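Visitor: Make a model of the complete structure from these sequences and hints.
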Amino acid sequence: MSNLTKKKDIIELIRWCVLTPEALDQVLYGYVIAALGDRKDNPKLIIDIVKKKVTEDSFIEQFVPAFDAKFTHEEIKYLLDFYKSDVMKKFMAGKNISTPIFEAFNTIIKEVLETSK
12 MSNLTKKKDI IELIRWCVLT PEALDQVLYG YVIAALGDRK DNPKLIIDIV KKKVTEDSFI
72 EQFVPAFDAK FTHEEIKYLL DFYKSDVMKK FMAGKNISTP IFEAFNTIIK EVLETSK
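For what it's worth, my numbering labels the leading residue of the sequence shown as 12, then goes sequentially.
These aren't lab readings, by the way, just hints derived from the structure by calculation. Being a predicted model, the structure only gives us computed values, none of them experimental. Keep in mind that a hint or two might mislead.
Below, computed lysine-lysine pairings styled on DSS-like, alpha-carbon distance capped at 30 Å [as the list claims (entries may be wrong)]:
1. K128 x K18
2. K100 x K63
3. K51 x K128
4. K81 x K101
5. K62 x K88
6. K62 x K121
7. K62 x K51
8. K17 x K100
9. K101 x K17
10. K18 x K62
11. K100 x K64
12. K51 x K18
13. K101 x K19
14. K88 x K100
15. K18 x K101
16. K81 x K64
17. K88 x K17
18. K18 x K63
19. K95 x K81
20. K121 x K55
21. K51 x K19
22. K101 x K55
23. K121 x K51
24. K121 x K18
25. K62 x K100
26. K19 x K81
27. K19 x K100
28. K55 x K100
29. K19 x K64
30. K63 x K17
31. K128 x K17
32. K63 x K51
33. K88 x K64
34. K88 x K18
35. K88 x K19
36. K63 x K101
37. K62 x K101
38. K18 x K64
39. K51 x K64
40. K64 x K101
Guide: Listed below in structure tokens is the structure:
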């Protein structure tokens with residue numbers, strides 16, 4: 012990619028749409044618990060370390076080419092404006108609004124496991 016401004020904007024977009032603290036809190040816990048298995052490590056400590064690593068530019072940069080190939084710079088800027096909008100900030104601030112949906116997944120998983128015995 013030749014446009015450094017577009018690259019910078021893509022990194023910022025990835026931070027805003029995928030790597031927000033709220034999104035990471037919702038996603039990482041399940042991944043870390045599954046990865047730990049029977050290990051007795053402190054999940055919160057592992058999550059904190061993973062959060063730090065996945066929010067570094069050096070990690071995010073590996074995903075830039077996919078965004079660059081799919082979106083024009085104008086589209087990236089449009090998406091950034093959307094994610095930075097007041098309505099999106101309001102949505103993200105109400106992170107608990109989607110938590111019951113994700114928690115309901117556990118109920119469905121348990122039901123499926125019970126009926127598949």
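Visitor: Evaluate each hint against the coordinates.
Guide: Outcome of the hint check:
Of the pairs offered as hints, the one joining K128 and K18 is violated, with about 50 Å between alpha carbons and a cut-off of 30 Å exceeded. Simply put, K100 and K63 have alpha-carbon atoms about 22 Å apart, close enough for the 30 Å limit, and the pair holds. Our distance criterion of 30 Å between C-alpha atoms is met by K51 and K128, whose separation comes to about 29 Å. Annotation: proposed proximity of K81 to K101 holds, straight-line Cα distance about 28 Å (limit 30 Å).
Of the pairs offered as hints, the one joining K62 and K88 holds, with about 25 Å between alpha carbons and a cut-off of 30 Å not exceeded. Taken as a hint, the K62 and K121 pair is honoured in the structure, with Cα atoms around 29 Å apart against an allowance of 30 Å. Of the supplied pair hints, the one linking K62 and K51 holds, its CA atoms being roughly 20 Å apart against a limit of 30 Å. Restraint check for K17 and K100: the C-alpha separation of about 23 Å stays at or below 30 Å, so the hint holds.
Restraint check for K101 and K17: the C-alpha separation of about 26 Å stays at or below 30 Å, so the hint holds. About 21 Å separates the Cα atoms of K18 and K62, which keeps this hinted pair within 30 Å; it holds. In summary, the hint linking K100 to K64 is supported, as the alpha carbons are separated by about 24 Å, within the 30 Å threshold. Between the alpha carbons of K51 and K18 the distance comes to roughly 40 Å, so the proposed pair goes past 30 Å and is violated.
A distance of roughly 25 Å separates the Cα atoms of K101 and K19; the hinted pair therefore holds under the 30 Å criterion. Annotation: proposed proximity of K88 to K100 holds, straight-line Cα distance about 17 Å (limit 30 Å). Our distance criterion of 30 Å between C-alpha atoms is met by K18 and K101, whose separation comes to about 27 Å. This hinted pair checks out: K81 and K64 have alpha carbons roughly 25 Å apart, not beyond 30 Å.
At roughly 9 Å between alpha-carbon atoms, K88 and K17 fall within 30 Å of each other, so this suggested pair holds. Distance restraint check for K18 and K63: the Cα-Cα separation of roughly 21 Å lies within the 30 Å cut-off, and the hinted pair is therefore satisfied. Simply put, K95 and K81 have alpha-carbon atoms about 21 Å apart, close enough for the 30 Å limit, and the pair holds. Between K121 and K55 the alpha-carbon distance is near 25 Å, which keeps this suggested pair within the 30 Å criterion.
Restraint check for K51 and K19: not satisfied, since their Cα atoms lie roughly 39 Å apart, outside the 30 Å limit. Only pairs whose Cα atoms come within 30 Å are accepted, and K101 paired with K55 is accepted, the gap being roughly 26 Å. About 24 Å separates the Cα atoms of K121 and K51, which keeps this hinted pair within 30 Å; it holds. The straight-line distance between the Cα atoms of K121 and K18 is roughly 43 Å, outside the 30 Å bound, and the hint therefore fails.
Annotation: proposed proximity of K62 to K100 holds, straight-line Cα distance about 20 Å (limit 30 Å). Of the supplied pair hints, the one linking K19 and K81 holds, its CA atoms being roughly 16 Å apart against a limit of 30 Å. A hinted pair counts as satisfied when its Cα atoms are at most 30 Å apart, and K19 with K100 qualifies at roughly 21 Å. Proposed proximity of K55 and K100 is supported: the alpha carbons are some 25 Å apart, at most 30 Å.
Distance check on the hinted pair: K19 and K64 sit about 18 Å apart at the alpha-carbon level, within 30 Å; holds. Between the alpha carbons of K63 and K17 the distance comes to roughly 24 Å, so the proposed pair stays at or under 30 Å and holds. With a CA separation close to 52 Å, the supplied pair K128 and K17 exceeds the 30 Å bound. For the given pair, K63 sits about 21 Å from K51 by alpha-carbon distance, which is consistent with the 30 Å threshold.
Using a Cα cut-off of 30 Å, the hinted pair K88 and K64 holds, with the two alpha carbons roughly 25 Å apart. Distance hint between K88 and K18 is fulfilled; the C-alpha atoms sit about 11 Å from each other, no more than 30 Å. A threshold of 30 Å between alpha carbons decides the hint, and for K88 with K19 the separation of about 11 Å falls inside it, so the pair holds. A hinted pair counts as satisfied when its Cα atoms are at most 30 Å apart, and K63 with K101 qualifies at roughly 25 Å.
This hinted pair checks out: K62 and K101 have alpha carbons roughly 23 Å apart, not beyond 30 Å. Restraint check for K18 and K64: satisfied, since their Cα atoms lie roughly 19 Å apart, inside the 30 Å limit. A hinted pair counts as satisfied when its Cα atoms are at most 30 Å apart, and K51 with K64 qualifies at roughly 21 Å. The hinted pair formed by K64 and K101 meets the criterion: a straight-line CA distance of about 27 Å does not exceed 30 Å.
The structure fails to meet hints 1, 12, 21, 24, 31 from the earlier list, while all remaining hints are met.
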